[in-house]
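**Student:** Chain residues, written in single-letter form:
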Amino acid sequence: MADAVLRIEGLTKNFGGLRVTEGVTLDVLPGELHAVIGPNGAGKTTLINQVSGLLAPDAGRIVFAGEDVTNMPVAARAQRGLARSFQITSILPRFSVLENVALAVQARRGTSYRFVGNAADEEELNAPARAALAQVGLGERADLPAGELSHGEKRALELAIALAMEPKLLLLDEPMAGTGHDESERLIAVLRSLKGRFPMVLVEHDMTAVFALADRISVLIYGRILASGPPAQVRADPEVVKAYLGEEME
Amino acid sequence: MADVTAPSSRAPARGLFTGNALPIAIFLLFVLVPLAATFKAEAYVLGLVTRVMIFAIAALALDLLVGYGALASFGHAAFIGLGAYAVGILASHGISDALISLPAALGVSALFAFLTGIVCLRTKGVYFIMITLAFGQMAYFTASSLAPYGGDDGLTVHMRSTFAGLPVFANDRALYYICLLSLLGAYLLCRALVASRFGRVYRGARENALRMSTIGFEVYRFQLVAYVIAGMLGGLSGFLLANATEFVSPAYMSWQRSGDLLIMVIFGGIGTLNGAIIGAAVFLLTEEWLSGFTEHWKVIFGPLLVLVALFARGGLIGVAQKLRGIFRG
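These protein sequence lines map, in sequence, to chains R and E. Counting in this note's numbering, the first sequence runs from 1 upward without gaps. Counting in this note's numbering, the second sequence runs from 1 upward without gaps.
Bound-form chain R, shown alone:
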């Protein structure tokens, strides 16, 4: 287990009297797609927020790429290759699509304390940004203001931003949230193309997507891991079926 990209041990978080994360332990192996599923309010986003550093856990440990990052600020984790997407789209709406991604490249390449030269014209930043956009099928939309993209395209842009960070791990918080059927098909195809190249934690409600993509699934209910294992095993688990999948799989 020493070579896990991400290891979460006994993570616990309370909001007042409410325990939203309760002793969660899970890991992500190199190249693995580890899906986290569970009903609304199970604490999935809270878990992602603790891993990315937006929330501090009350107890437990987060080890990323061999380093304890439990108390590390958000930006420092990102610098180490922890990339995340948001359930509610988080982009720079008045920057061009290309600049949204080029900024992520800039974060990893050279200093950003450079006060001269037009950053928007730097091919060193734009070329990798275009490559990331092409991977998610947004190559044609690069020069548009990001705010003018369709919802599905914004979801794809979130992925492109994460990819441009040269991530060691992708934390994807419901990348398909709010997308229509066609759009989510396209996003699933993109995720499939990324699978194996990047280890991923995928939080998703779309069970078709989860069972099609995941190597391992953890079921989170009331902040606790109810079951964890390969898709077939989780699907057959009577506890899981009773608590969550029963209604979802019909």
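A portion of the hints provided could be inaccurate.
To be verified - If you only want the chain E side, here are some residues facing chain R, beta carbon under 10 Å, derived: (1) F39; (2) A192; (3) F198; (4) T214.
Think of the hints as simulated: they come from the structure by calculation, not from any bench. Keep in mind the model is a prediction, meaning the values are calculated, not measured. For each residue, glycine too, the CB sits at the ideal point set by N, CA and C.
Starting from the known structure of chain R, fit chain E onto it as the hints suggest.
**Tutor:** Showing chain E alone in chain R's frame:
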């Protein structure tokens, strides 16, 4: 603050009003003023336009904060005062060479910006406005209580700065050109800054700070650097103001002055840099013109500002852009 800072988040784009034509016209006008002034009321015109350029430097600095970083500082006049007092206090001790007083003015402003910025930048929105106002007032009252340096009454600067012993600031015309060069330098610096890698991160932080930190930028540090730069430009403005007026007063850092600077930026067009210069010119020239009729000139200026706020969100630059759009179809 989103509404106030709506226009232009992408750094200088192409087009007449954000490209090079407008700034070239503005600076050409500033170059030509002294030539025109030789015909009539030279001292008066030079003095007035020198003042415009000095405040334009401070307004540029404020636009850098408000327009590109959504950091609505209500205490920016403090930096003008710090720069001016650096000149005044040193001069009262017989030190009036710019080789000492200019670095002192910039250094004090930078230090004040750094120390207050550490605190201010931890807040957002209305709280940021209030806390910058508080620090501005602290500077104001500190200056008012400097009894050895005139206290409330201010301090006369008996000798304009020299540069390496040369009396280059003594002549009004020379001072005019020094201010023009300083404004040009400040303008070019701000323009380079907002388009640079640094500026892109800084602008991004205003757009979506959460996203910027999750891609790996320590947003706060970038804002602090910008705050120090804006503070130093304010200090430069104060250095020039002390030389132009040969007087230093706590009134330079009053909150009304900070408000005037905000009005200049908003009136001209926020987040455009050109607008800050135009706004400073329009504000000071209108003040001069209207105060010829009545000392209550703000009664007339106030409604004008309300009209701009209501109907011209992008300030004068915004109006000009709209008109241009209409004429071109």
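**Student:** Now tell me, hint by hint, if it's right for this structure.
**Tutor:** How the hints compare with the structure:
{"no.": "1", "hint": "F39", "in the structure": "violated (41 Å)"}
{"no.": "2", "hint": "A192", "in the structure": "holds (5 Å)"}
{"no.": "3", "hint": "F198", "in the structure": "holds (5 Å)"}
{"no.": "4", "hint": "T214", "in the structure": "holds (6 Å)"}
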